[in-house]
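Heads up: the protein sequence lines correspond to chains S and A, in order.
In terms of this note's numbering, the first sequence opens at residue 1 and continues consecutively.
In terms of this note's numbering, the second sequence opens at residue 1 and continues consecutively.
Hints in this document: simulated from the structure, not taken from any laboratory.
Since the model is a prediction, treat every value here as computed from it, not as a measurement.
Among the clues, some could well be false.
[Stated by the list, open to error] With a straight-line cut-off of 16 Å between C-alpha atoms, the simulated EDC-like cross-links for lysine to aspartate or glutamate are:
| no. | chain 1 | residue 1 | chain 2 | residue 2 |
| --- | --- | --- | --- | --- |
| 1 | A | Lys126 | A | Glu111 |
| 2 | S | Lys238 | A | Asp210 |
| 3 | A | Lys238 | S | Asp210 |
| 4 | A | Lys238 | A | Asp253 |
| 5 | S | Lys126 | S | Glu111 |
| 6 | S | Lys126 | A | Asp393 |
| 7 | S | Lys238 | S | Glu251 |
| 8 | A | Lys208 | A | Asp393 |
| 9 | A | Lys126 | S | Asp210 |
| 10 | S | Lys238 | S | Glu222 |
| 11 | A | Lys126 | A | Asp115 |
| 12 | A | Lys238 | A | Glu251 |
The chain contents come next:
There are 2 protein chains.
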Amino acid sequence: MCSFADTDNFATMSDELLPLVTNLARHARAASLILATTPTAQKDAALLRLADLLCSATAALQTANALDLEAALTAGLAPSQLDRLTLTPARLAHLAESVRQVAALADPVGEVLDDWTQPNGLHIRKIRVPIGVIAIIYEARPNVTIDCAALCLKSGNACILRGGKECFHTNTILAGLVQEALAAAGLPAAAVQLIPTTDRQALVHLLKLDRLIHCVIPRGGESLIRFVTGNSTIPVIKHYTGVCFVYIDREADATLAENILVNAKVSRPGVCNAAEQLLIHQDCAGTVLPQLAAALSAQGVTLRCDPASSAILRHNGQAHVPAQPSDYTAEFLDLTLAVRVVDNLETAIATINRDGSAHTDAIITRDPVAAARFQAAVDSAVVLWNASTRFNDGFEFGFGAEIGISTDRLHARGPMGLRELCSYKYQITGNGQVRV
Amino acid sequence: MCSFADTDNFATMSDELLPLVTNLARHARAASLILATTPTAQKDAALLRLADLLCSATAALQTANALDLEAALTAGLAPSQLDRLTLTPARLAHLAESVRQVAALADPVGEVLDDWTQPNGLHIRKIRVPIGVIAIIYEARPNVTIDCAALCLKSGNACILRGGKECFHTNTILAGLVQEALAAAGLPAAAVQLIPTTDRQALVHLLKLDRLIHCVIPRGGESLIRFVTGNSTIPVIKHYTGVCFVYIDREADATLAENILVNAKVSRPGVCNAAEQLLIHQDCAGTVLPQLAAALSAQGVTLRCDPASSAILRHNGQAHVPAQPSDYTAEFLDLTLAVRVVDNLETAIATINRDGSAHTDAIITRDPVAAARFQAAVDSAVVLWNASTRFNDGFEFGFGAEIGISTDRLHARGPMGLRELCSYKYQITGNGQVRV
Numbered sequence: 001m002c003s004f005a006d007t008d009n010f011a012t013m014s015d016e017l018l019p020l021v022t023n024l025a026r027h028a029r030a031a032s033l034i035l036a037t038t039p040t041a042q043k044d045a046a047l048l049r050l051a052d053l054l055c056s057a058t059a060a061l062q063t064a065n066a067l068d069l070e071a072a073l074t075a076g077l078a079p080s081q082l083d084r085l086t087l088t089p090a091r092l093a094h095l096a097e098s099v100r101q102v103a104a105l106a107d108p109v110g111e112v113l114d115d116w117t118q119p120n121g122l123h124i125r126k127i128r129v130p131i132g133v134i135a136i137i138y139e140a141r142p143n144v145t146i147d148c149a150a151l152c153l154k155s156g157n158a159c160i161l162r163g164g165k166e167c168f169h170t171n172t173i174l175a176g177l178v179q180e181a182l183a184a185a186g187l188p189a190a191a192v193q194l195i196p197t198t199d200r201q202a203l204v205h206l207l208k209l210d211r212l213i214h215c216v217i218p219r220g221g222e223s224l225i226r227f228v229t230g231n232s233t234i235p236v237i238k239h240y241t242g243v244c245f246v247y248i249d250r251e252a253d254a255t256l257a258e259n260i261l262v263n264a265k266v267s268r269p270g271v272c273n274a275a276e277q278l279l280i281h282q283d284c285a286g287t288v289l290p291q292l293a294a295a296l297s298a299q300g301v302t303l304r305c306d307p308a309s310s311a312i313l314r315h316n317g318q319a320h321v322p323a324q325p326s327d328y329t330a331e332f333l334d335l336t337l338a339v340r341v342v343d344n345l346e347t348a349i350a351t352i353n354r355d356g357s358a359h360t361d362a363i364i365t366r367d368p369v370a371a372a373r374f375q376a377a378v379d380s381a382v383v384l385w386n387a388s389t390r391f392n393d394g395f396e397f398g399f400g401a402e403i404g405i406s407t408d409r410l411h412a413r414g415p416m417g418l419r420e421l422c423s424y425k426y427q428i429t430g431n432g433q434v435r436v
Numbered sequence: 001m002c003s004f005a006d007t008d009n010f011a012t013m014s015d016e017l018l019p020l021v022t023n024l025a026r027h028a029r030a031a032s033l034i035l036a037t038t039p040t041a042q043k044d045a046a047l048l049r050l051a052d053l054l055c056s057a058t059a060a061l062q063t064a065n066a067l068d069l070e071a072a073l074t075a076g077l078a079p080s081q082l083d084r085l086t087l088t089p090a091r092l093a094h095l096a097e098s099v100r101q102v103a104a105l106a107d108p109v110g111e112v113l114d115d116w117t118q119p120n121g122l123h124i125r126k127i128r129v130p131i132g133v134i135a136i137i138y139e140a141r142p143n144v145t146i147d148c149a150a151l152c153l154k155s156g157n158a159c160i161l162r163g164g165k166e167c168f169h170t171n172t173i174l175a176g177l178v179q180e181a182l183a184a185a186g187l188p189a190a191a192v193q194l195i196p197t198t199d200r201q202a203l204v205h206l207l208k209l210d211r212l213i214h215c216v217i218p219r220g221g222e223s224l225i226r227f228v229t230g231n232s233t234i235p236v237i238k239h240y241t242g243v244c245f246v247y248i249d250r251e252a253d254a255t256l257a258e259n260i261l262v263n264a265k266v267s268r269p270g271v272c273n274a275a276e277q278l279l280i281h282q283d284c285a286g287t288v289l290p291q292l293a294a295a296l297s298a299q300g301v302t303l304r305c306d307p308a309s310s311a312i313l314r315h316n317g318q319a320h321v322p323a324q325p326s327d328y329t330a331e332f333l334d335l336t337l338a339v340r341v342v343d344n345l346e347t348a349i350a351t352i353n354r355d356g357s358a359h360t361d362a363i364i365t366r367d368p369v370a371a372a373r374f375q376a377a378v379d380s381a382v383v384l385w386n387a388s389t390r391f392n393d394g395f396e397f398g399f400g401a402e403i404g405i406s407t408d409r410l411h412a413r414g415p416m417g418l419r420e421l422c423s424y425k426y427q428i429t430g431n432g433q434v435r436v
């Protein structure tokens with residue numbers, strides 16, 4: 001994973017950047033007040049226009065993208081990074097389709113969350129409203145520009161975008177298309193703004209504008225998130241990656257365990273909801289672990305085993321390597337799995353709460369009492385019983401597109417979709433009540 | 001208002017403080033995992049025991065409190081600060097009663113917030129859970145020690161308390177009583193811990209422990225909140241004070257307007273939901289403002305008027321002073337009210353969104369269309385129609401005791417009671433589902 005601190009430019013530290021970003025944030029704030037009461041149809045019109053523009057405006061976009069790719073190639077970016085930077089016509093069509101999907105989602109704004117009358121006759125309504133102004137800080141992934149703009153617009157939030165400098169030209173064109181779509185729908189272009197510089201100092205200034213910006217969402221690796229958290233006086237919602245566990249209880253069906261574990265580890269090892277560690281109850285380890293190990297090895301997974309699990313596999317002549325202590329808290333993000341044998345359910349729970357990342361953990365068992373205890377006591381955003389960890393995902397929850405999987409406990413936890421991009425307010429109606 | 005930066009001690013900067021606070025936070029984290037699944041009856045037993053202890057353990061408490069008061073007197077604290085520091089037997093009885101009230105509130109933990117089944121058969125439950133470990137940073141008010149301990153305990157959170165150094169001896173005894181009550185109920189004493197030093201460096205260390213502490217709540221003046229926000233990598237929930245407006249629309253009943261405005265300004269001018277500014281529609285200012293001014297003056301309120309309102313009152317020979325520009329964004333917290341005449345409803349809305357603090361604002365009108373527009377467009381936590389701003393309060397909402405009135409937009413907005421001291425988690429139950 002590239003370090004955020006290494007890939008950006010600290011050279012320019014001009015004091016002119018403070019008025020620049022302050023002005024931009026003021027415009028965002030003004031736009032947010034308009035967006036807060038904009039009808040759904042008008043927001044959707046802007047989104048559908050944006051989808052059309054993404055499909056039609058390919059020439060300027062390809063030129064800008066080629067410019068970014070050329071510079072990135074010279075700078076020696078890794079092939080995976082170059083790939084993420086590349087916008088092909090097929091990818092643009094896919095991006096346009098995702099914008100149309102956001103337009104089709106229900107508008108979260110205005111939903112009545114609670115509604116009651118106090119004994120003194122005051123009628124209190126709690127209604128969902130946009131947060132206001134959201135800053136999104138991300139790396140060299142141009143699709144994030146469009147995804148975030150679409151989600152913020154639909155949820156009535158103004159947004160300020162700051163992408164990685166490697167896709168600055170591409171982002172500039174993309175943000176221009178968003179602003180063209182906003183204007184066509186009669187909405188303020190400042191509802192979506194790209195910071196017009198990749199100077200790091202502009203970001204540092206931005207992160208202190210807590211009177212104008214209400215929320216910062218860093219999307220990227222841990223070094224980016226830590227940089228933002230360490231420099232921001234604005235509330236930050238973090239999406240750290242996950243150290244997810246699968247625990248096979250004593251009363252587990254071996255085939256069901258195998259299917260779930262293989263899916264959790266292998267289906268997409270590089271994402272945050274992939275399994276990184278297997279815990280297995282000592283009473284079934286001897287019989288079940290060899291079957292699991294065989295299935296995982298067949299998929300190319302390397303097992304890093306504690307002494308107890310190692311002894312079982314060695315006895316069976318199955319391939320594995322001894323675990324290092326750091327493996328027990330590791331997020332491998334590849335075809336590697338740590339394995340430990342545990343005494344009992346309580347040890348499994350304590351191990352997960354100590355060594356996991358409170359993201360997504362699963363128990364495989366036939367025993368409903370064990371499952372209930374596990375789901376209550378494991379202190380994670382999503383705790384599954386007899387299902388794959390990969391289900392911690394906005395689409396799989398039926399939320400539609402998400403801005404990320406929050407690893408925070410305040411405001412949003414787990415999949416963060418349109419509803420989680422909202423706050424609430426209280427509207428109180430009286431007939432002259434005063435406080436006694 | 002005293003400055004947080006001025007009242008504390010920067011002298012000791014020992015590196016021994018980091019292991020001390022880290023150890024304390026680790027114990028809090030371990031306790032939080034136990035509290036998360038503690039039955040309501042056990043938490044309530046600890047609270048009721050605490051209430052009894054507060055009533056019976058007065059001798060040690062009076063001694064400690066006298067020690068703090070003596071030092072505070074020597075240090076030259078203001079009479080209002082000395083008063084807040086003082087714990088009389090009557091105040092202790094009142095504090096005990098507030099703890100009993102918290103015990104009587106419904107337990108928010110475990111409530112099912114949402115519950116649905118996906119097409120693939122996965123059953124998803126969203127349930128309310130404690131946040132985890134909460135740090136509360138506050139000034140020299142011993143009652144906050146008990147209030148916060150009680151609210152955190154009832155909501156299943158472990159808490160770390162750091163009060164002002166002026167009440168350190170009193171807090172030490174109070175925290176000891178809380179721990180005695182916890183132990184008596186079979187709960188870990190580390191569920192409520194007071195930082196055993198008032199060294200500022202310990203607080204600075206604490207605010208970086210984002211892997212052990214999940215939320216920081218500063219309770220106090222703006223300088224304390226800004227210090228915490230500027231130094232914390234843990235999410236902070238802020239309770240800034242309020243610049244609250246009352247807007248009298250063209251179609252307002254003058255007597256109703258007078259009653260509400262007087263209540264909003266006079267009933268308790270030093271609190272955050274008191275009105276600080278009156279906006280009045282130009283069409284009724286000539287007739288209604290003199291009546292309002294007379295009522296307010298009779299209660300000792302000084303009016304700081306813009307030129308238009310000043311002209312009306314001068315014409316009537318009514319007392320007032322000209323406003324300075326800073327008065328239009330001021331939180332007076334005393335019997336002072338800024339007054340402006342506005343052209344129309346939209347100017348009132350724009351003025352409040354620009355110069356207010358998004359806390360609590362009210363419209364007085366007979367016109368339901370104007371009221372609906374005001375309640376939708378004013379971007380504040382609580383927007384009232386024909387009721388006093390003083391109703392932004394946890395008890396007045398029916399929530400019971402609150403930890404404060406959040407001025408943030410993330411997680412909690414407005415009164416922050418037991419439910420707002422909670423997060424949520426997803427429990428997913430399947431029968432072998434894997435992600436395709």
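Report task. Sort out which numbered hints this structure fails and list those numbers smallest first. Result -> 4, 7, 8, 9 and 12
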